[in-house]
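Trainee: Here are the chains, one letter per residue:
There are 2 protein chains.
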Amino acid sequence: MSGTFVIAQGGGPTAVINQTMVGAALEIRKRHPGAKVLGSIHGVRGIRDGNYADLSSIPEDRLRLIAATPSAALGSTRDKPDAAYCEIILNGLKKAGADAFIYIGGNDTSGTQQILTDAAGGKMAFVHAPKTIDNDLEENDHTPGFISAAEFVAGAFLSVDLDFRALPGIYVGIVMGRHAGFLTAAAAAWQLDPDSGPHLVYVPERPFSAAAFIDDVRATLDRHKRCIVAVSEGVSTADGKALVESLVPPEKLERDAHGNVKLSGSDLPAALERALAEGLPGKRARVDALGYMPRGYVGAISAVDAQEAFDAGAFAVKVAEEGGGSVALQYDGKKTVLKKVPLKNVAGKTRHMPDDFMKPGVNQLSEAGMTYLRRLVPEKYKVGKPFV
Amino acid sequence: MSGTFVIAQGGGPTAVINQTMVGAALEIRKRHPGAKVLGSIHGVRGIRDGNYADLSSIPEDRLRLIAATPSAALGSTRDKPDAAYCEIILNGLKKAGADAFIYIGGNDTSGTQQILTDAAGGKMAFVHAPKTIDNDLEENDHTPGFISAAEFVAGAFLSVDLDFRALPGIYVGIVMGRHAGFLTAAAAAWQLDPDSGPHLVYVPERPFSAAAFIDDVRATLDRHKRCIVAVSEGVSTADGKALVESLVPPEKLERDAHGNVKLSGSDLPAALERALAEGLPGKRARVDALGYMPRGYVGAISAVDAQEAFDAGAFAVKVAEEGGGSVALQYDGKKTVLKKVPLKNVAGKTRHMPDDFMKPGVNQLSEAGMTYLRRLVPEKYKVGKPFV
Numbered sequence: 001m002s003g004t005f006v007i008a009q010g011g012g013p014t015a016v017i018n019q020t021m022v023g024a025a026l027e028i029r030k031r032h033p034g035a036k037v038l039g040s041i042h043g044v045r046g047i048r049d050g051n052y053a054d055l056s057s058i059p060e061d062r063l064r065l066i067a068a069t070p071s072a073a074l075g076s077t078r079d080k081p082d083a084a085y086c087e088i089i090l091n092g093l094k095k096a097g098a099d100a101f102i103y104i105g106g107n108d109t110s111g112t113q114q115i116l117t118d119a120a121g122g123k124m125a126f127v128h129a130p131k132t133i134d135n136d137l138e139e140n141d142h143t144p145g146f147i148s149a150a151e152f153v154a155g156a157f158l159s160v161d162l163d164f165r166a167l168p169g170i171y172v173g174i175v176m177g178r179h180a181g182f183l184t185a186a187a188a189a190w191q192l193d194p195d196s197g198p199h200l201v202y203v204p205e206r207p208f209s210a211a212a213f214i215d216d217v218r219a220t221l222d223r224h225k226r227c228i229v230a231v232s233e234g235v236s237t238a239d240g241k242a243l244v245e246s247l248v249p250p251e252k253l254e255r256d257a258h259g260n261v262k263l264s265g266s267d268l269p270a271a272l273e274r275a276l277a278e279g280l281p282g283k284r285a286r287v288d289a290l291g292y293m294p295r296g297y298v299g300a301i302s303a304v305d306a307q308e309a310f311d312a313g314a315f316a317v318k319v320a321e322e323g324g325g326s327v328a329l330q331y332d333g334k335k336t337v338l339k340k341v342p343l344k345n346v347a348g349k350t351r352h353m354p355d356d357f358m359k360p361g362v363n364q365l366s367e368a369g370m371t372y373l374r375r376l377v378p379e380k381y382k383v384g385k386p387f388v
Numbered sequence: 001m002s003g004t005f006v007i008a009q010g011g012g013p014t015a016v017i018n019q020t021m022v023g024a025a026l027e028i029r030k031r032h033p034g035a036k037v038l039g040s041i042h043g044v045r046g047i048r049d050g051n052y053a054d055l056s057s058i059p060e061d062r063l064r065l066i067a068a069t070p071s072a073a074l075g076s077t078r079d080k081p082d083a084a085y086c087e088i089i090l091n092g093l094k095k096a097g098a099d100a101f102i103y104i105g106g107n108d109t110s111g112t113q114q115i116l117t118d119a120a121g122g123k124m125a126f127v128h129a130p131k132t133i134d135n136d137l138e139e140n141d142h143t144p145g146f147i148s149a150a151e152f153v154a155g156a157f158l159s160v161d162l163d164f165r166a167l168p169g170i171y172v173g174i175v176m177g178r179h180a181g182f183l184t185a186a187a188a189a190w191q192l193d194p195d196s197g198p199h200l201v202y203v204p205e206r207p208f209s210a211a212a213f214i215d216d217v218r219a220t221l222d223r224h225k226r227c228i229v230a231v232s233e234g235v236s237t238a239d240g241k242a243l244v245e246s247l248v249p250p251e252k253l254e255r256d257a258h259g260n261v262k263l264s265g266s267d268l269p270a271a272l273e274r275a276l277a278e279g280l281p282g283k284r285a286r287v288d289a290l291g292y293m294p295r296g297y298v299g300a301i302s303a304v305d306a307q308e309a310f311d312a313g314a315f316a317v318k319v320a321e322e323g324g325g326s327v328a329l330q331y332d333g334k335k336t337v338l339k340k341v342p343l344k345n346v347a348g349k350t351r352h353m354p355d356d357f358m359k360p361g362v363n364q365l366s367e368a369g370m371t372y373l374r375r376l377v378p379e380k381y382k383v384g385k386p387f388v
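Residue numbers (the UniProt record's numbering), protein chains in the order written: chain W, 1 to 388; chain L, 1 to 388.
Just so you know, these hints were derived from the structure itself, not from any lab.
Possibly wrong hints are sitting among the right ones.
Intra- or inter-copy, both count: the list cannot distinguish identical chains.
As the list claims (entries may be wrong) - Listed next, the in silico DSBU-like pairs over lysine-lysine satisfying Cα-Cα at most 30 Å (straight line):
1. 95 - 385
2. 262 - 94
3. 283 - 241
4. 339 - 30
5. 30 - 382
6. 36 - 349
7. 252 - 340
8. 123 - 339
9. 36 - 380
10. 359 - 335
11. 335 - 283
12. 80 - 380
13. 241 - 382
14. 334 - 80
15. 252 - 385
16. 344 - 385
17. 80 - 225
18. 385 - 80
19. 252 - 283
20. 349 - 225
21. 339 - 252
22. 94 - 283
23. 30 - 283
24. 349 - 382
Here the structure is a predicted model, which is why all the values come from computation and not from measurement.
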């Protein structure tokens with residue numbers, strides 16, 4: 001395998017996806033001197049269009065600087081190739097003379113690699129290297145990108161809780177995540193003490209009721225004089241509809257090319273603001289979406305996450321040498337270990353947050369959930385307890 | 001002046017307002033051993049209600065930990081006392097046996113100190129110590145709290161620009177600030193190169209036109225394939241109305257106790273999203289409010305800002321000894337220097353961003369604006385230029 005390696009980045013960027021790309025590129029350069037390393041521009045679109053950055057020739061110090069830079073330096077894509085599109089990709093890879101294709105992304109990306117593996121019939125190695133702030137890949141204890149995103153979210157809620165101690169009111173922070181609640185749960189990682197926010201955490205794994213939400217907020221205000229809430233943008237009502245569908249008039253709902261309701265944007269914050277204004281009139285309430293900050297804020301890159309992402313990229317080269325598969329970050333009880341797992345175990349599947357990570361019947365993290373978070377997102381900043 | 005000092009914190013919290021409080025408390029303890037140092041809880045409300053934390057007796061290491069903690073540890077208030085309320089405060093201060101009152105806040109806070117000075121007739125020293133992320137105090141080159149907030153905003157826009165290189169589209173980030181554009185302008189501080197966002201910056205000092213905004217965004221998309229926009233929540237249309245008033249139906253507008261239109265919340269993001277969807281149909285567009293993050297994100301506290309805020313608190317004690325006044329951070333051409341200035345020079349006034357900080361006729365920072373930002377918010381993170 002001294003020939004040609006293609007690397008691409010797919011889906012939403014993360015703070016450390018470039019570590020994985022550079023980890024793979026440098027490992028190829030080390031283990032396969034003389035090999036061509038092509039970085040496909042904008043995910044599989046670059047393969048389709050023959051548009052590559054030559055990663056073989058770029059000085060290592062420039063690559064290492066890019067590794068430390070958030071977001072996907074090769075560009076990314078939301079394309080989810082079907083069989084026909086995969087045929088085009090396969091032809092593109094053949095044209096480039098590729099022996100292996102390492103695609104860094106989430107469960108859609110591993111799905112693409114599964115289709116390509118089946119179509120290529122063993123003539124090329126297809127590797128999926130994990131990446132997602134959602135932390136929702138099967139076979140993984142956690143995924144590269146999650147820890148940095150979780151640190152941002154934990155820091156955001158610690159900061160907002162301190163802010164609302166000074167000027168009390170209701171704060172609702174909306175966190176990215178369509179199906180898995182891990183990132184929203186991370187809001188609780190750095191709670192100062194039992195009086196600290198987030199006092200309420202709503203994850204997609206549990207049905208959301210607007211009436212119960214108002215009751216929860218009211219009870220929290222009575223107890224803590226303020227109420228800090230973390231809501232996943234993917235929360236659904238008991239009928240399985242996304243919350244935004246229940247709160248926003250149908251003619252105003254936006255849908256993407258796949259028919260999925262658009263969760264981002266200001267519809268959900270506006271709807272929750274209205275619900276709070278009606279349910280708790282006269283109370284100071286602020287609803288913000290954390291937006292894109294968790295997935296790539298330059299000031300919240302975890303060193304552990306960066307190293308794990310780099311190592312996952314390097315490990316992907318070994319998986320390519322062995323014929324392909326998916327790289328998984330597993331936990332052996334003491335440390336994170338890298339494993340090769342079959343693509344089909346990850347492809348198109350969603351790992352949900354275990355039910356016992358939340359207290360039964362209460363929208364708060366359980367001890368099991370906090371143990372997981374404390375291991376991955378240990379306290380990073382020393383803060384003093386305010387007088388209020 | 002060996003007697004009693006009262007310290008309070010007013011207005012919106014910042015990342016370093018506790019530095020100023022602790023700087024003052026420790027300086028009093030050093031220069032006036034045996035003096036009582038009372039921290040009023042929730043600004044002037046604590047004086048009204050006789051509610052204090054005893055800052056004389058708290059171990060220095062706990063105070064230093066609080067200093068490094070964002071938000072106002074004594075609690076804050078939005079109360080803007082009139083003459084009658086000031087009479088109540090004055091009586092409260094007399095009851096506490098206060099010789100001096102150091103109030104940390106913005107221009108409203110210095111206004112309160114001005115009224116109290118006039119009412120007390122020289123029997124007590126009233127000091128205003130500056131604090132505001134808006135950077136809008138007269139007599140100051142910049143204000144404690146601004147640099148940390150500006151670093152967060154600069155980092156946020158650097159990060160979002162990298163994100164939108166990977167997945168192109170339109171991004172609008174709404175930044176706090178009713179009257180002064182400094183913090184929104186800080187979005188440009190860490191631009192990587194002339195191709196980098198924010199490509200458009202809208203500040204309250206310049207009239208905003210929704211039609212021109214759409215034209216600007218369209219032209220930027222043509223040139224850069226993406227468009228990153230920073231908008232101050234305080235931008236106004238040519239008729240002097242807040243933008244949110246022009247875009248939101250009157251019956252939906254929220255106003256505060258002072259009759260000011262509520263700028264925060266999701267009305268403005270929702271309205272800008274609608275304007276983009278109508279003006280540039282089919283384009284991917286995301287509008288987010290940065291919300292509370294700039295004023296107290298635990299991961300974006302500037303060491304320079306922290307030190308200056310601490311020093312301003314210590315200097316406030318000297319100003320108290322001299323009979324009162326306002327502490328100002330000025331620039332002598334080489335470094336920041338602390339000066340005592342009359343309260344009336346600051347009280348109730350708003351410093352706007354100089355007109356020449358923006359290019360004429362273009363919504364971008366000028367060289368003069370960039371020079372100011374680069375001095376206060378120098379590059380903090382090394383990032384590599386992406387391939388896209």
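Trainee: Now look at each hint and say whether the structure bears it out.
Mentor: Now the hints, each set against the structure:
For the homomeric pair residue 95 and residue 385, the shortest alpha-carbon distance between copies (28 Å) is at most 30 Å, but the shortest distance inside one copy (62 Å) is not. Taking identical chains as interchangeable, the C-alpha atoms of residue 262 and residue 94 are never at most 30 Å apart, the minima being 36 Å within one chain and 59 Å between chains. In this assembly of identical chains, residue 283 and residue 241 lie within 30 Å of each other by CA distance both inside one copy and across copies; the values are 28 Å within and 26 Å between. For the homomeric pair residue 339 and residue 30, the shortest alpha-carbon distance inside one copy (21 Å) is at most 30 Å, but the shortest distance between copies (59 Å) is not.
Taking the shortest Cα distances, residue 30 and residue 382 sit within 30 Å of each other only across copies (25 Å), while inside one copy they are farther apart (41 Å). Taking the closest pair of Cα atoms, residue 36 and residue 349 never come within 30 Å of each other, the shortest separation being 32 Å inside a single copy and 64 Å across copies. With identical chains, the CA atoms of residue 252 and residue 340 are never at most 30 Å apart, being 45 Å at best within one copy and 55 Å at best between copies. Taking CA atoms no more than 30 Å apart as the test, residue 123 paired with residue 339 passes inside one copy only; the shortest distance there is 23 Å, against 75 Å between copies.
In this homomeric assembly, residue 36 and residue 380 never come within 30 Å of each other (Cα to Cα): the closest approach is 40 Å inside a single copy and 35 Å across copies. Only within a single protomer do residue 359 and residue 335 lie at most 30 Å apart by alpha-carbon distance; the minimum there is 26 Å, versus 54 Å between protomers. Within a single copy, residue 335 and residue 283 get their C-alpha atoms no closer than 46 Å, and across copies no closer than 44 Å, so neither meets the 30 Å cut-off. When the C-alpha separation of residue 80 and residue 380 is checked against a cutoff of 30 Å, the pair qualifies neither within a copy, at 37 Å, nor between copies, at 37 Å.
When the C-alpha separation of residue 241 and residue 382 is checked against a cutoff of 30 Å, the pair qualifies neither within a copy, at 41 Å, nor between copies, at 43 Å. Taking the shortest alpha-carbon separations for residue 334 and residue 80, neither the intra-copy value of 36 Å nor the inter-copy value of 55 Å comes in at or below 30 Å. Taking the shortest alpha-carbon separations for residue 252 and residue 385, neither the intra-copy value of 44 Å nor the inter-copy value of 39 Å comes in at or below 30 Å. In this assembly of identical chains, residue 344 and residue 385 lie within 30 Å of each other by CA distance neither inside one copy nor across copies; the values are 48 Å within and 35 Å between.
Taking the shortest alpha-carbon separations for residue 80 and residue 225, only the inter-copy value of 22 Å comes in at or below 30 Å, while the best intra-copy value is 47 Å. Proximity of residue 385 to residue 80 under the C-alpha cut-off of 30 Å is restricted to the inter-copy arrangement: shortest distance 27 Å between copies versus 48 Å within a copy. For the identical chains of this complex, residue 252 and residue 283 are neighbours both inside a copy (27 Å) and across copies (17 Å), given an alpha-carbon limit of 30 Å. In this homomeric assembly, residue 349 and residue 225 never come within 30 Å of each other (Cα to Cα): the closest approach is 42 Å inside a single copy and 33 Å across copies.
Taking identical chains as interchangeable, the C-alpha atoms of residue 339 and residue 252 are never at most 30 Å apart, the minima being 45 Å within one chain and 55 Å between chains. Taking the shortest alpha-carbon separations for residue 94 and residue 283, neither the intra-copy value of 63 Å nor the inter-copy value of 34 Å comes in at or below 30 Å. Taking the shortest Cα distances, residue 30 and residue 283 never come within 30 Å of each other, neither inside one copy (61 Å) nor across copies (43 Å). Taking CA atoms no more than 30 Å apart as the test, residue 349 paired with residue 382 passes in neither setting, with 38 Å inside one copy and 36 Å between copies.
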